[in-house]
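Fit chain B to the supplied structure of chain A, relying on the hints for placement.
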Amino acid sequence: MNVVSSLAIELRNISKSFGSGESRVFANTDVNLSVRRGSIHAIVGENGAGKSTAMKILFGMQSADSGEVHVFGKSVRWRNPTEAMASGIGMVHQHFMLAGPHTVLENIVLGCENSSAFGILDTKKAASRLRELCERYSMPVDPDRAIEDLPVGVQQRVEILKLLYRDSQVFILDEPTAVLTPQEIEALFSNLRRLRDEGRTILIITHKLKEVLALSDEVTVLRQGKTVGSIQTKQASAELLAEWMVGRKVILDVKSEAESNPGVVRMKVTDLVLDSNHAMLKNVSLEVRAGEIVGVAGVEGNGQSELLRALLDPKNPLSLNSGKVELLGHDVSSWSSSQIRRLQVGFMPEDRHRDGMLLDESVELNILLGLQNHPAFVSEIPGVGGVIRKSALKQALERAWVDYDLRPRQSGIPGRSLSGGNQQKLVIAREFEHHPEFLVATHPTRGVDVGAIEWIHRKLFKARDQGTGILLVSSELDEILSLSDRIIVMFQGAVVAEFSRGNVSAQQLGLAMSGGLKGGHA
Amino acid sequence: MKLLRSLLALALGLSLGLAVTAMAGENPWHVLQVLIKGAFGTRYDLGMTLFYMTPLLFTGLAVTVAFRAGLFNIGAEGQLTMAALAAAAVGVLFPNVSAGWAWLFAFSAAAFVGGGWAAIAGWLKARRGSHEVISTIMLNFIAASIASYVTLYVLKNPETQSPETLAVGPGYFLPQIPGLGDSPVSGALVCGLLSAAVLSWVFERTRWGFEMKVVGQNESAARMAGISVGRVQILAMTLSGILAAGVALGEVLGSAHRFKLGFSPDYGFIGIAVALLARGSPLAVIPSAFLFGALHKGTADLDIETEHVTRDLTLVIQALIIATVSAEGLWDIWARRRNIKIKQKGAQAHG
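Going line by line, the protein sequences match chains A and B. Residue numbers for the first sequence follow the working numbering, beginning at 1 and rising by one. Residue numbers for the second sequence follow the working numbering, beginning at 523 and rising by one.
Extracted from the complex, chain B is given alone in its bound form:
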């Protein structure tokens, strides 16, 4: 049923999005073809789709973890910014660490900073009662400011005009995945897939996953059962931040090899859409992230291939999918209609 709802939401969101293009004077069939060709046309296109999928996998999981504990992490964007900055800083400051474990060293720094950044919001929520939506939004702004400062004044690459840091040492580079036409998709994708699998196990089989679920569903029952609600909230937020830090793997260590200001086209926010479509299941985050990655890649060609619509269409479709997924009432209406029909049929049969 969950799957059906997600698929229907998807189809509905996509159709509505294409309807918008028709209103703009495009042939929706043509737009759809451009989308599909752009996302999967060549091996390179597929590689780019997977490349965009990688960070969305991590942010989608990050939002999913927080959701499970009843928290809405709007701050994955800030967490991944801080984490990517930390990974780049480690790579720049210790360039000579030899290959093999260097990436793990950089990721540890990223996870520490990203997790810590999220933990601030978790602590404020658990101990001071500040709503995590407000505090994570605020922390996003602070993270963006810190990133600008460090990039422009501390680790600036003097050889270029663009706002980016110096390159990390070559030992930090993550290997590319071969056979995808030189697209920058790296081992980070494998890490993301493994994270989804491990998280799924944690959710289903461990006490820790159970405690998060209880806190997310019924705080009062959690207290009665001897679960420390505040502790679980802080830990869930921290884990969420650590997962958001995974973005640094693909973006810093896997492709750019440095921190570029504004590298993220709002991966943190698209992660919310990814998580909503996956409806709380870490494994469902995989296809969901793949879809949003494809959407991101596919719409890139719209600027050239069509006259009236641009790549901003991806935002429209994302918004429509979120709206249709979260429109719980819509499904109830649909279910009721169906019941009435069944009843009428039954009545006819009896009459």
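Same shape as in the complex, but just chain A:
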């Protein structure tokens, strides 16, 4: 008991597989993890490295095929999350588990309601306890506001308060910074440090190495379902962790060798206005020239999606009330998306599963998506219509294998069987088949492995150097900062600031993203 008791969590030789036969996937193979009580422990790894599976096993959402879970020195085997929560483990999921229409207080007491006789809820007691917690941890929230009216950062605060309300001793946070501005991230981190100093244990799953180094006490790296190693954060570096994650040396910050050399205007929008229930564009004007990357920074939901829809489908009254859209020298304000898709333009969608893939169809058909009017892939036969050229599709797939390192090199497999990074490579390969003069790259590296990020960034720089105008939309500030020749910031549907390369820090950008910087046109 002497050594064990200092550990809050211990996973011993956890293995877990899904599926069967040839399609059997090993999510965890002998994963080992030791987390000291009262520490912040980061778990890093690429997509599919098995982080989430390990945490789901720890939280009782899934059961391990073999191996042991120890919590505060006791061996446990949970059947469901309720049992895990009862033992003091709490989890903040990447996609928050909150009931939107209900109030903060209702969400917090959900599942552990105090009731008096006849099952009447004792809301007064709950409210006073919540207020106390808010004050003690300086995390102000209005208990009577509906969740859906709160910004994402505050929703996350509610999730953390939920765990505090249950007096959880172990906090598992899955990618907690994905939707936060730099300022919000800083606030979150100081809260987490405070929780640690009180003796609670924090487990944080992330792929952002910078944050690992800034926040954690110890790091464990997973790769392909196995534990690569654990290390004191003081002794670690971003390069080392990346190497452990990928299994080879990785260049984290891709720099372009060449200066940008902007040419003719490839995309220009003037005074875009959209005013509907939730979506909004306020007089957005913007241009992208040949051979430059223009980054759009902003917290998600501040008009970026609306801007993209206006570019793709300007004719649709749901995407645009007024304004002018020009692409490659054409006024396309009254064009439909099928007309626009016949131009030499590429669109990398913001959510590739929702907008960019047919998960159950073959990789070949996924390549055809969006290229179905392209003469290289479909021959027009009079009286019959477009006939798919299977050989051209096969060649395009082979090009993707070679030029884009798409794996596995197997034809006919469904899109679903590719990893996140390879799905993104397929989307990129496909969009470059348009030989785009203008490319919209939305979250190009979201959910993509560290190794593939480097590769995708190089590809974008190469396209830029060959004269493609690129509009880059990303919520990763580092990505915006390292790729963009110019950066514009969107806040509540308007362009609130513009910076050129090298003239802005992450802090300034963060301030502009939260609306704190007005009219900063440089």
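Simulated from the structure, these hints should not be mistaken for laboratory data. Just so you know, these numbers come straight off a predicted model, no measurement behind them. Using N, Cα and C, we set each Cβ at its ideal position, and we do this for glycine too. Where hints are given, some of them may not hold.
Unchecked claim - Here are the in silico distance ranges between beta carbons for each label pair:
(1) B:L805 / A:N316: 23 to 31 Å
(2) B:L526 / A:K249: 44 to 52 Å
(3) B:V655 / A:E148: 27 to 35 Å
(4) A:H435 / B:R727: 20 to 28 Å
(5) B:A546 / A:S87: 50 to 58 Å
(6) A:V265 / B:L525: 54 to 62 Å
(7) B:V655 / A:E398: 40 to 48 Å
The following block gives chain B in isolation, referenced to the frame of chain A:
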């Protein structure tokens, strides 16, 4: 795997259906014999099976096309009613068109009306957001009413008490397929088989087939790819209606040579079962329609040959097949069981 599932569903549905007859006090083995003998006993029986298969081929394809674009066409019954009525009307109103292309003339009218009838539901779905299941059901009722009115008040055959129109001109008759003991199976069957083959090619090789698939699987990705979702939905529904109109070929031009009120024993609805069993493949619709045709023919003799079950058994078996085919969860349970067994075996081997 798809094939295996369909075959298993079939076997399971049939066995359960026969189990029901056992519960009713019949010997299931005897019932099965009656079914098989009724469907394939003589050349004539086989001919009747093929005759029932023909309309099911068309409605099965109609439902399959709509499925591909993510639409559930419950309205094949109304579409085929309108189409058969149109074919008969053309044949009655222009009786002297000479043989050769007359059938094509009548079919064009049928396709136009049947396709148009389905297009209404497609348009309502694409432009007004009304669910196609609701609108096609409603259109079925309207079609039935129109058919009654036209048959009884406009084109009524005055020489008979039964509700049917006048006969079409002899130039419209489709040739019978010989060698099947004078059964009414006609060239319509050939048209149906060709339609399945052409449709299969359209699905696999053409942009149009691809666009339907994209719309059916992921509307959002379709929009992003520059596919007009509404246009594809309307066209898919229209094509579905045109295929349902093929029923007019066998029923009006190939056999009855007139429109008889209530000629269809719910071909449109059985077509849904045919399509479900075929799981989206036009070529698989052929054996599936053959099977349901055989079931329809085979059960016809149950009334005479057995004491406790009637031809309604065909409905029971159809329902059981639909239930087993669509019970996706059942297959998962089955697959999981198998995995566990494999694992246990592996463990034993290692232990």
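message = For each hint given before, does the structure comply? Return the numbers of the non-compliant ones in rising order.
response = Of the numbered hints, just 1 does not hold.
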